[in-house]
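A.B. asks: Sequence:
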Amino acid sequence: MTAAFSRIVFGTMRLAGEPADILQRIKTCLDMGITTFDLADIYGEYMYEELFGKALALDPSIRKRIQIVTKCDILYPNGNRPQVWVKHYNTSREYILECAENSLKKINTDYLDLLLIHRPDPLMNADEVASAFQTLHASGKVRQFGVSNFTPGQFELLQSRLPNIQLAANQIEFSVLHTAPLFDGSLDHLQKVRALPMIWSPLAGGANSWPRGGGLFGPNKTERDQRVVAALDKIAKQVGADVTIDQIAYAWLLMHPSAPCLVVGTSDLKRLKSAMDAVNIKLDRQQWFYILEASQGEESP
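Counting the sequence shown from 1 gives a position; the numbering used here is that position plus 226.
No lab work stands behind these hints, which were simulated from the structure alone.
Just so you know, nobody snuck in bad clues.
In silico DSSO-like links for lysine-lysine, alpha-carbon gap of 27 Å or less: (1) Lys253 <-> Lys332; (2) Lys332 <-> Lys290; (3) Lys496 <-> Lys463; (4) Lys331 <-> Lys313; (5) Lys460 <-> Lys508; (6) Lys463 <-> Lys508; (7) Lys253 <-> Lys290; (8) Lys367 <-> Lys332; (9) Lys463 <-> Lys499.
Computed spacing ranges between beta-carbons, pair by pair: (10) Asn306 <-> Asp353: 26 to 34 Å; (11) Asp353 <-> Arg307: 24 to 32 Å; (12) Lys331 <-> Asp353: 23 to 31 Å; (13) Thr448 <-> Arg291: 37 to 45 Å; (14) Asp353 <-> Gln512: 45 to 53 Å; (15) Trp514 <-> Lys418: 19 to 27 Å; (16) Trp514 <-> Glu271: 35 to 43 Å; (17) Pro286 <-> Lys460: 42 to 50 Å; (18) Gln250 <-> Tyr321: 32 to 40 Å; (19) Ala467 <-> Asp510: 14 to 22 Å; (20) Asp468 <-> Asn306: 42 to 50 Å; (21) Thr470 <-> Arg450: 14 to 22 Å; (22) Lys460 <-> Asp353: 49 to 57 Å; (23) Thr405 <-> Lys508: 17 to 25 Å.
Quick reminder that beta carbons are idealized off the backbone N, C-alpha and C, glycines included.
With the sequences and hints as input, model every part of the structure.
C.D. replies: Printed below as a string of structure tokens:
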């Protein structure tokens with residue numbers, strides 16, 4: 227059985243709150259049409275999976291209405307992992323199986339809809355990862371598998387060891403300020419193999435704005451940031467009086483023919499509603515290329 231994921235995904239990196247409050251957020255998301263929830267074992271210093279699970283435990287009927295995505299393989303020093311003294315990755319068969327079992331227990335579910343390898347591991351043995359995936363799939367504990375931040379070559383290496391399991395997704399960074407996936411083969415590859423691009427930092431809240439505080443919404447915008455914001459504002463005014471620049475930034479991503487879903491990392495329900503409204507905004511090609519030109523700083527060749 228495979229899951230259909232919503233175009234807007236609730237990202238839980240900043241989850242926080244009490245279980246009852248989180249359950250209400252989940253229900254409000256469902257009312258909006260957001261059915262997919264993106265977790266990772268490391269979020270909240272390895273605590274947010276359990277927090278999400280406590281919310282689900284308050285209303286177990288919710289589980290069948292949502293898709294749960296989680297990720298594993300990153301270890302970093304913190305109070306909940308006292309034995310870890312340097313950040314590293316672990317994609318051994320044993321560790322993947324251990325992480326999956328821990329996630330199932332913490333999230334209070336008997337299956338995961340999608341399990342991702344969070345970061346490429348230079349020491350990844352593709353046969354071990356494949357063996358772990360096959361074991362979890364055969365047991366029914368994980369329905370689909372994918373990767374995060376993998377290059378096309380890394381994706382293909384792992385896929386070559388999985389003749390009976392199709393990798394379903396690659397979670398990558400992509401935004402109006404991070405356009406590399408358009409040109410480095412990432413989106414072309416995912417379209418080729420019909421795997422889902424899951425987009426993190428869709429409003430460029432990642433490497434492009436931290437720590438300098440620039441990006442689309444920070445106070446210390448570069449010349450490029452300002453140029454892109456102006457382009458988004460111009461297109462927003464063309465599209466409609468109440469359309470915002472964040473909605474145009476989302477719509478720009480959603481227009482790509484690989485049919486990406488966007489992981490929106492906010493608990494602000496108004497922002498999530500704004501993101502869902504962007505799903506219905508259709509740009510024309512000239513508007514799309516105008517924004518690309520602003521980001522690239524030159525017209526298309």
